[in-house]
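All chains should be built: construct the whole structure from the sequences, respecting the hints.
Reminder that position 126 of the sequence shown reads as 126 in full-length UniProt numbering, one-by-one numbering, no gaps.
Honestly, the hints are just simulated from the structure, not real lab data. Treat the hints with care, as some may be off.
[Said to hold, decoys possible] Each pair of labels, with its calculated beta carbon distance range:
#  : residue 1 : residue 2 : range
1  : L78       : T116      : 42 to 48 Å
2  : E163      : V271      : 18 to 24 Å
3  : A50       : E225      : 33 to 39 Å
4  : A73       : P224      : 49 to 55 Å
5  : E111      : D87       : 37 to 43 Å
6  : A156      : A115      : 38 to 44 Å
7  : M299      : D66       : 25 to 31 Å
8  : G297      : P114      : 42 to 48 Å
9  : I266      : A17       : 29 to 35 Å
10 : L78       : A50       : 23 to 29 Å
11 : S2        : T300      : 27 to 33 Å
12 : P114      : M299      : 45 to 51 Å
13 : A156      : D87       : 23 to 29 Å
14 : R99       : P262      : 25 to 31 Å
None of the values given here were measured: they were computed from a predicted structure. Don't be surprised by glycine CBs; every beta carbon is placed ideally from N, CA and C.
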Amino acid sequence: MSLHRLSHVIIGVPNVAETQSYYSDFGLSQGTNGGFSTRDGGEQLRVVAAPQRRLVELGVAVDHVDDLARVAANLQRLGIPADLDGDTLVATEPIGGFRARLTVLPRLHQERTPATPYNGPGRIERTGRAPGILRTEPVRPRRLGHAVAGTTDLAATMRFFVEGLGFKVSDYIGDKGAFLRCSNDHHNFLALQSPVNYLHHTSWQVDDIDDVGRGAYAMLEDNPERHVWGLGRHHAGSNFFWYLKDPAGNFSEYFSDMDCIPEEEIWEPEVLDGARGLFNWGPPPPPSFLHPEDLAGLMTGAHSKV
Numbered sequence: 001m002s003l004h005r006l007s008h009v010i011i012g013v014p015n016v017a018e019t020q021s022y023y024s025d026f027g028l029s030q031g032t033n034g035g036f037s038t039r040d041g042g043e044q045l046r047v048v049a050a051p052q053r054r055l056v057e058l059g060v061a062v063d064h065v066d067d068l069a070r071v072a073a074n075l076q077r078l079g080i081p082a083d084l085d086g087d088t089l090v091a092t093e094p095i096g097g098f099r100a101r102l103t104v105l106p107r108l109h110q111e112r113t114p115a116t117p118y119n120g121p122g123r124i125e126r127t128g129r130a131p132g133i134l135r136t137e138p139v140r141p142r143r144l145g146h147a148v149a150g151t152t153d154l155a156a157t158m159r160f161f162v163e164g165l166g167f168k169v170s171d172y173i174g175d176k177g178a179f180l181r182c183s184n185d186h187h188n189f190l191a192l193q194s195p196v197n198y199l200h201h202t203s204w205q206v207d208d209i210d211d212v213g214r215g216a217y218a219m220l221e222d223n224p225e226r227h228v229w230g231l232g233r234h235h236a237g238s239n240f241f242w243y244l245k246d247p248a249g250n251f252s253e254y255f256s257d258m259d260c261i262p263e264e265e266i267w268e269p270e271v272l273d274g275a276r277g278l279f280n281w282g283p284p285p286p287p288s289f290l291h292p293e294d295l296a297g298l299m300t301g302a303h304s305k306v
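What follows is the structure in structure tokens.
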């Protein structure tokens, strides 16, 4: 696959400073230019001003300028303009109106982290106290994993990503959504049929389930209103998760242990119905996860611009 990862996201919010403070608490490191970095991925998030919360830009890393030319030709066949300039291509997703910025970048090679030892029946991997409870340093995400957005035209958004950019389909949520990938991760983008175009959440990798829990605990200790859903394990992607909410209403996810789909592996997408489309175990998702509390306001704002 010539595409190999998400490089960054830019999100628009009406309350920039407050939202930036949240992502500092979340464990991202803010630089002097205002951008936020992960431990392994470099600068991967920017928060900019917008009348309503929304996805402004999704960055995708590619191997070579030839890959950009191929994407430009694909988009042209779909009737979607693309601006190709050197090692960067920019195109606008036709439904949500966010930019997709494809850039020639090196592949991300994360330093191998030794597996966390966990004891089990007949299996002693550690003695003494568990490493997870001895950690004192704040949780800092390793990299950006995926983004999820609602779209009023699922088929058109999928055409843009699959036929245009070159993403692959991993699984479907009935006829309501599609998990798409541009790397070995099970998914890097999830498109959800929705009555309004909006950013649902961004997802950030941490070391293990202990850091999923530690990160969420630290975020909630003085701000319990940030809690959305967790701890649990998804079926699609198999990852552990905990979702929190930023001050603009966007969700953010700590995740670990995502399914890996090697480029050479033959993968047949499944249609996941019912609860399997959302989770394998954990508390059931709250209504606000599927229908965020500000959805009506976002719809009103969208209609007022027509």
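Problem - List of violated hint numbers, smallest to largest - result: 3, 5, 7, 9 and 11
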